[in-house]
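Peer 1: With the hints as your guide, set chains B, C, D and E with the ligands onto chain A.
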Amino acid sequence: MRRLFGKEFAFAHVLLASLVLVVTCMPNQRMVTVSYYPLLAGLAVIEVLYLLRLAALRRRGAFSTGPTDIVVLVWALFIAWDVCATKLDIAPTVIVPAPEAVFNVFFAQADVIGADIVSSVTLLVMGYVGGLALGVVLGIVCGWIPRLRAMFFPIANVLAPIPPTVFAPYLIVLLPTFRTASCFIILLGVFWPQFLNMVVRTSSLDAQLLDNARTLGVRTFTMITRIILPYVLPEVLKGLRVSLTTAFLMLTFAEMLGASSGIGYFISNANNYANYTNVVAGIIVCGVVVTVLSFATAWVQRRFTTWR
Amino acid sequence: MRRLFGKEFAFAHVLLASLVLVVTCMPNQRMVTVSYYPLLAGLAVIEVLYLLRLAALRRRGAFSTGPTDIVVLVWALFIAWDVCATKLDIAPTVIVPAPEAVFNVFFAQADVIGADIVSSVTLLVMGYVGGLALGVVLGIVCGWIPRLRAMFFPIANVLAPIPPTVFAPYLIVLLPTFRTASCFIILLGVFWPQFLNMVVRTSSLDAQLLDNARTLGVRTFTMITRIILPYVLPEVLKGLRVSLTTAFLMLTFAEMLGASSGIGYFISNANNYANYTNVVAGIIVCGVVVTVLSFATAWVQRRFTTWR
Amino acid sequence: PQAQMKDDGAADEASQDYLTQGKGEHLVCGVTGKLIKIAPAIVADKLGYFEEEGCDVEFQQIALNDAMTALTSNQLDMDLFGVVPACTYVSQGAKAYIFGGTILNGSEICALDSFDRELKAAEDFKGLRIGVNRPETGQMVFKEWLQEEGLDIDGGDVTFTYFDNDQGGFEAVKKGEFDLYIANNAQGFVQRGNGIKVVATVKQYAGDYPCCRQNCSDQALHEKYLSLVDFETALLRGYKTYKQEPDTVIPLLVDYSGQEEGYVRAAMYGTDDYDNVMDPSPDPNRNAVLKFYDTLKNIGEIDKATVYSMDDYVVTSIYRTALDTLLEREPDEQLWKDLDQAYAKNNE
Amino acid sequence: MDAGAPASAFGVRKRKRGGRVGKIDIEDVSFAYEDVAAGSRPSAAGAADDRALRDVALEVPDGQFLCVIGHSGSGKTTLLRLVAGLSRPSAGTVRIDGAPVEGPGLDRAVVFQNYALFPWMSALRNVEFGVEQANKELRRGLTKAQVSAVARDYLDRVGMGAAAGRYPYQLSGGMRQRVAIARALAMDADILLFDEPFGALDVKTRCSLQKLVDALWRSGERRKTVVFVTHDINEAILLADRVVFMRRGEVVADRAVDVPRPRSSAIFAHDACARALKDELTDLFYLDGEGDEEGGAFGEAGAGVPGALPGKAVLP
Amino acid sequence: MDAGAPASAFGVRKRKRGGRVGKIDIEDVSFAYEDVAAGSRPSAAGAADDRALRDVALEVPDGQFLCVIGHSGSGKTTLLRLVAGLSRPSAGTVRIDGAPVEGPGLDRAVVFQNYALFPWMSALRNVEFGVEQANKELRRGLTKAQVSAVARDYLDRVGMGAAAGRYPYQLSGGMRQRVAIARALAMDADILLFDEPFGALDVKTRCSLQKLVDALWRSGERRKTVVFVTHDINEAILLADRVVFMRRGEVVADRAVDVPRPRSSAIFAHDACARALKDELTDLFYLDGEGDEEGGAFGEAGAGVPGALPGKAVLP
Ligand SMILES: Nc1ncnc2c1ncn2[C@@H]1O[C@H](COP(=O)(O)OP(=O)(O)OP(=O)(O)O)[C@@H](O)[C@H]1O
Ligand SMILES: Nc1ncnc2c1ncn2[C@@H]1O[C@H](COP(=O)(O)OP(=O)(O)OP(=O)(O)O)[C@@H](O)[C@H]1O
Ligand SMILES: [Mg+2]
Ligand SMILES: [Mg+2]
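Going down the list, the sequences are from chains A, B, C, D and E.
Last residue of the first sequence: number 308 in this note's numbering, and the count goes up by one each step with no gaps.
Last residue of the second sequence: number 308 in this note's numbering, and the count goes up by one each step with no gaps.
Last residue of the third sequence: number 348 in this note's numbering, and the count goes up by one each step with no gaps.
Last residue of the fourth sequence: number 316 in this note's numbering, and the count goes up by one each step with no gaps.
Last residue of the fifth sequence: number 316 in this note's numbering, and the count goes up by one each step with no gaps.
The hints are simulated quantities; they were obtained by calculation from the structure and are not laboratory data.
We treat Cβ as the ideally placed atom computed from N, Cα and C, and that holds for glycine.
Warning: the hint list may mix true and false statements.
[What the hints assert, rightly or not] Examples of chain A residues lying across from chain C (beta carbon under 8 Å, computed):
(1) P92
(2) T93
(3) V94
(4) A168
(5) P169
(6) M256
(7) L257
(8) N269
(9) Y273
[Claimed, not checked] Pairs of lysine to aspartate or glutamate, DMTMM-like flavour, derived with a Cα cap of 20 Å:
(10) K204(E) - D232(E)
(11) K243(C) - D275(C)
(12) K120(C) - D157(C)
(13) K136(E) - D211(B)
(14) K204(E) - E280(D)
(15) K211(D) - D156(D)
(16) K211(D) - D283(E)
(17) K174(C) - D89(A)
(18) K278(D) - D258(E)
(19) K211(E) - D258(E)
For reference, chain A alone in the conformation it holds in the complex:
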């Protein structure tokens, strides 16, 4: 308990203090036209989250150096970044924007970014859930029926690694709206690994479990819905995180076609203008959104795993 507020804790706060000093007092070498208040606000948010985490750990009586180590790393990075970019201007100008400018983006374009997040998350969740559901259902059916497996498993193995983005033109022709096409790209990205995984799982079902089901006179439909589906569920839940990562990878590309908002769109648009202030801001938003979604998946996973 005591160690929670030991040397490391003090060190983190010394670092924070120096960071604030650097930001506020050291003279800028690089021309920065924005105020540093948004940056300070950002730092404050990080600090508050860190303290909340510590408090939560303390309540649980668990001790972990994790949060403090992370926050130390974060402050150190911020100091290096601010010193190299804004203060001494020794970093490459375009691709290393000033932290002040990056954090200013969150405030100046809060409404745009908010809308982007909503748009991306909707698209992502639709593609993600659709891909998962299709992957699980088709995977189980193909895995369970040997003939389908023998036919589609090799085909899927060839198709899976082909980047869904090359199918974009076909999707546009085949699907009613651009949004559905974008959605489908994410869906494909999530679908293939899930499908392959489910086929393998289902076809390597525990022999004893199978015997058990067979002696109960279980037929195909019951087999799939009552035995295989619950059997693979923990596997599916365990894979949620990884699938989310894949979905996120696809998002950037999906939003290149037919999106008019979204985080991926925000980043690639900024990229077009070599506006790395926005690019970096976009990446940070990415990170935050992913973290939140990760927590959501972790929750879903915990919620629906009733047996191990």
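Peer 2: Same frame as chain A, now just chains B, C, D and E with the ligands:
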């Protein structure tokens, strides 16, 4: 044994015959300037592979409808494709090129495609192997040492889903050549999932195994090299296929920066000029290369799994 | 109209009907990202010109490469980007029509601040390693020019390396991997202070060449012709505002793109120390397009033996009608007179 | 599938004509696992006679409690699987009430050593699922409430009523086997097949479950036919009407257990017949050196380690 | 780590002054698992006294073969883990030759029920690895060839010489335990700890391994101290110098086994002492109803199902 050459086998060959008839005898509606011999050669290759597969199955005494079902599907697709595109010209002109034209690409540009394959496969293998090795080693180290785990696991979870492509400019600044930068994009794509997976595996090491090692007085280095590494090896081998898929997905994007050959380059270049004949040819090459690499990984997997 | 008559005329005289039909139709127009190259359209939209002309247009985001797919499958009526997709689609027998211009020229050649070689003739490029932004039309025109000047562009005299991410290209220049990098308008401006300067433009070697065009689908042309005319009229008015009222336009574009004012001004109008090479002219520029079609053939990106001619797919009548309308409305406006003169030079 | 099984309404059993319900005939049955090695040379398998069962003939009358004992690898499980319909004999026929077994059927309920329960269903749901399946497939026409009531009833009978809502992972090994037994009984099959159901349990738990099985079997309105595979000689003698001993895929001894019920461990001290049988079986077990994979005791220095692995181990 | 263990060259054992090598003192040791529930209220654990061990005091002289028996959950494994140094006592001290145990050490070799071997190493490599570790950590200065020779020697002694190159999955359960025993012996630790090493084996294999352990222990140049946990009363009496019986974390009986060696199963028929001890322990086992998680036999209809799960089951 008899069923290997039953009704389905005959049906596949009836389909093949109709396909050849359609290709050679039906009048073209669409202007196609190339001969249909390359297409016929392609079909012959598929047929030979199919027969070889059947022969192999027969030798093993195993019966599977798989190859025949697949080949039936392939012939049906070819018939539909040729009829809709070349013969009746009812498919969208640009994005559905004539199969004759697509197969002609393999012959007309054989040297280019050959060089592309070599270039891509080298890049792919370097990134893939590098990503795997780094992911496994760092994953085990971070998974085994609780403090590192508490620090890097959350960080990795935030960084992993950010598409490596947004780091492209930074990679170019930091790395000596384009090729290494491209390589690194693939590496990153493979690294993150592997790293996260290894951290989870290592930190949830079987308690009995751990006790067993502890009673033998095993220290960190021996623990990692002699106990954890071989313990997670089958897991790593099982994941080779999935990682390969990820690596391939990244390849297309990796080859967008500074490549002057490669399959991904070939496709995106063709894409730029809406040359879907080349795009489709590229996708087919992709499929073939992936299949070959898949077989290679499967072999590696079998070869190095000495215990289960 | 003469171009149009040549188009389908011989086959089907009766089909000329479409030239007087399709007013007030809903148009779906594809745009890519928040690019301000389409400034006249943005201005016309923001200032309500489309509504005033009775044109009901909806802007739809779409990737450059996919716009033409959507257009040829009639999911889009028109788009404002890309001359390359239009040419390549037509060369493969698809129906897509260029009916106006978006950008003329636009590629700049950048190098390190320390780069001091004179680049006057093709000879001066010998031995240089050049990075290019792949979709940039200027790089294609430039390659053709070098080729015509007798250089081997496949590594013998110059090497080309392709990038889809401009920043990657610039970083490569800074590291000395490339001597030159061909990028789009205003990238040179962004890179100032990053050790990069603009050393030449493609235009100075190869003359005017088309970049983004206004393309429309077969269906839009034949069923929504008068709506397209109204669109063009509003767009021309937008062009006039762009030309004459920078102080109205710049805030609009800043707002649209989310970029800084300094950037927008430099990109659209140039500054004291930065010349913008891009010209957002709405003229379809038939002659330049046909020449560019040949360029693509010459550098081998479209089939040299293609039976389809771009001739049939550049429709100038829409622009002509819109310009006539405006000449009638404001007979004294110098801009319209200038455009009228340019039209004659560019399209006949 | 189960042509020979009478579709009987739950609780009220209609006896088939001839009065044989649950009679098992094993007629010269042989079985060979399709081994990996065998794949390349299908005919070689027969030559070396590595059949898991060799011409086993056995008749189990209706209502008999048969225990099968024998060394590891002697083919007990294989025999049980054939009766359950999970494997099909390479030669010979298994008949239930005269009809050949074509596959698993709801006239036979099986209790396995492991995986006897579905881990994602609570104890109650596990039992309900069995009853539901029997109800559906045999058209017994029970309502949902009745299914549930039957399941609860049997859980109560095995003393698991209070733990009905728990998931298998929340139950000890013994509790799980209780639930599995409840399910087998609740399905009201004609024949019960047990494959070392208590093999993984400790002595005490084992003992209490033996008593439970015995009591349940005896208290049934009609005694069911039971085939019970075990390693434990005491267990066999405590439970069975008849014990068969298997060695290398053959039945080498077939003994009636003429000991009055109810029985307890005291019988080994007081009942001469039980004692004699135990001694005989123990001799069979221990003196039967050949066929044992655990050769090579201390002092024989390396000798006696058999070249052949148990078949399971060489599967991929 | 092992301050009390003499760093002895292999084969030649230097006795510590005072001559005590391998004496175990368990001094009023208690142990409570940090349960999930306990996390929120650390003090409540002590109140309900759900400690796995309660003030156990036990002294095992050098060279004694001690068997620990008791019901499932009585704390046998926990006790063994404390001696092995895998857990640390909540109260009290475990001493080896007077020095408190700080963690696992190469002066103690453990044979577990499962996972006794590393599945990715061949039988020989498994044994070699143990010898290598002991050699490295205790600076015995053996060459690679010597290590290998020692490993081979012990594999031969347990009759596994011919199967040295096989991987664990290619070995039967009994063969695996032979290898594990070979490793424990080859490491030449002062103390051997066995946790139900034969729990998963069938009767026959069990019996042959009991003989093997007995023979190896007796034939050693010096008898090692052994703590052997088992469920099986016969096994305990056959092997041990002394048997302790545990119940609910306490030692409730502590008996010497005064039966001359070598022993065989015949002792239960002929040796009065063995018989008496067996009866006494059997009584302790069976008549000891409380503390048993398998309550509620047939007829008690739902009563007796305990509310508390075994601790392991509620862990995450
Ligand atoms: N799936 C399998 N594939 C190949 N051979 C097998 C398989 N299962 C069992 N065998 C072999 O068949 C023979 C009989 O095995 P079976 O499982 O019926 O024995 P068992 O008497 O049940 O043994 P145990 O007491 O160990 O359960 C053995 O030689 C065994 O090695
Ligand atoms: N990891 C654990 N976490 C919490 N409680 C545990 C844990 N392991 C054992 N227990 C509890 O501690 C007590 C003693 O367990 P222990 O494993 O020592 O018993 P045992 O005598 O070895 O039993 P068995 O014969 O089943 O192996 C039991 O009540 C058990 O439920
Ligand atoms: Mg068995
Ligand atoms: Mg234990």
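Peer 1: Does each hint hold? Answer for all of them.
Peer 2: Verification of the supplied hints:
Taking 8 Å as the C-beta contact cut-off toward chain C, the hint placing P92(A) at the interface holds, the least distance being around 7 Å. For the restraint placing T93(A) at the interface with chain C, the shortest Cβ-Cβ distance is roughly 5 Å, inside the 8 Å limit, so the hint holds. The criterion of a C-beta within 8 Å of any C-beta in chain C is met by V94(A), whose closest approach is roughly 5 Å, and the hint holds. Interface restraint check for A168(A): the shortest CB-CB distance to chain C comes to about 5 Å, inside 8 Å, so the restraint holds.
Checking P169(A) against chain C: minimum C-beta separation of about 4 Å stays under 8 Å; hint holds. About 5 Å separates the beta-carbon of M256(A) from the nearest beta-carbon of chain C, less than 8 Å, and the hint is met. Interface restraint check for L257(A): the shortest CB-CB distance to chain C comes to about 4 Å, inside 8 Å, so the restraint holds. Residue-level restraint check for N269(A) holds (minimum Cβ-Cβ distance to chain C is 5 Å; threshold 8 Å).
Hint status for Y273(A) relative to chain C: holds, with the closest Cβ pair at about 5 Å, below 8 Å. For the given pair, K204(E) sits about 14 Å from D232(E) by alpha-carbon distance, which is consistent with the 20 Å threshold. Distance restraint check for K243(C) and D275(C): the Cα-Cα separation of roughly 16 Å lies within the 20 Å cut-off, and the hinted pair is therefore satisfied. This hinted pair checks out: K120(C) and D157(C) have alpha carbons roughly 16 Å apart, not beyond 20 Å.
Distance restraint check for K136(E) and D211(B): the Cα-Cα separation of roughly 19 Å lies within the 20 Å cut-off, and the hinted pair is therefore satisfied. Taking the CA atoms of K204(E) and E280(D), the gap is near 15 Å; set against the 20 Å cutoff, the hint holds. Simply put, K211(D) and D156(D) have alpha-carbon atoms about 16 Å apart, close enough for the 20 Å limit, and the pair holds. The straight-line distance between the Cα atoms of K211(D) and D283(E) is roughly 18 Å, inside the 20 Å bound, and the hint therefore holds.
A C-alpha spacing of about 17 Å is found between K174(C) and D89(A), which places the hinted pair at or below 20 Å, so the restraint holds. In summary, the hint linking K278(D) to D258(E) is not supported, as the alpha carbons are separated by about 28 Å, beyond the 20 Å threshold. Taking the CA atoms of K211(E) and D258(E), the gap is near 18 Å; set against the 20 Å cutoff, the hint holds.
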